[in-house]
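In order, the protein sequence lines correspond to chains A and B.
Position 72, counted from 1, in the first sequence is what our numbering calls 343; the numbers after and before it change by one each time, with no gaps.
Position 90, counted from 1, in the second sequence is what our numbering calls 94; the numbers after and before it change by one each time, with no gaps.
One should not assume that every hint holds.
Claimed, not checked - Mimicking PhoX-like on lysine-lysine, the simulated pairs with C-alpha atoms at most 20 Å apart in a straight line are:
1. B/Lys45 <-> A/Lys367
2. B/Lys26 <-> B/Lys40
3. B/Lys40 <-> A/Lys367
Unchecked claim - Chain A is nowhere near these chain B residues, computed Cβ spacing over 10 Å in every case:
4. Ser63
5. Ser69
6. Pro70
7. Ser76
8. Asp111
Simulated from the structure, these hints should not be mistaken for laboratory data.
These figures come from a predicted structure and were not determined experimentally.
No residue lacks a Cβ here, since even glycine has one placed at the ideal position from N, Cα and C.
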Amino acid sequence: SQQGEEDPQALSIQEGENATMNCSYKTSINNLQWYRQNSGRGLVHLILIRSNEREKHSGRLRVTLDTSKKSSSLLITASRAADTASYFCATPAGNKLTFGGGTRVLVKP
Amino acid sequence: DTEVTQTPKHLVMGMTNKKSLKCEQHMGHRAMYWYKQKAKKPPELMFVYSYEKLSINESVPSRFSPECPNSSLLNLHLHALQPEDSALYLCASSQEDRAVQPQHFGDGTRLSIL
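I would like the entire structure built from these sequences, with the hints used as guidance.
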């Protein structure tokens, strides 16, 4: 069963715009990870945020975590066509990772 | 290029065939994973190996048989599969089987069952 649920399921934006996607989860966690999956490829780890962190940056990516609301957001700034992909949040369940349903992002040139 | 290599990239097999998927990593990771992913769905965990021993089997049917010959290699043996088993099979690895560590994925084997 999925621990994380993502919103929106799909997102279409113009190149240069920002893209924001959200992940909600059900049980307490000690970290949350975000992954990207380009069409026909495997998942690529983007960022890991720990439960004692509220915000983390990596290049054009900004991730927030609100443990009181059990939610996280991923912001991609100044999007590029190469950012077209599916984005998944992943939360721990014991020693396993459980992936959310994903957000499909289309960046139009 | 990914650091986890999966072969073959594509596989078409009949329901009576026996085939194997292979996965290799040289990052010194001690945990390796098999996931199944259907179109437009998230990956679903199948098996976890930790230090070459099977640590998690997510109630996967016995027609899927994992094997970890050494710390760098992971196989998935397939026998008598069903059409619903058609999917992308992803291998991943991490330093250890702890969910606080990032997982590194291969590009998968796209499997079609006729």
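Comparing the hints with the structure gives:
no.: 1; hint: B/Lys45 <-> A/Lys367; verdict: holds (18 Å)
no.: 2; hint: B/Lys26 <-> B/Lys40; verdict: holds (14 Å)
no.: 3; hint: B/Lys40 <-> A/Lys367; verdict: holds (14 Å)
no.: 4; hint: Ser63; verdict: holds (13 Å)
no.: 5; hint: Ser69; verdict: holds (20 Å)
no.: 6; hint: Pro70; verdict: holds (15 Å)
no.: 7; hint: Ser76; verdict: holds (17 Å)
no.: 8; hint: Asp111; verdict: violated (5 Å)
Checked against the numbered hints above, the structure violates only hint 8.
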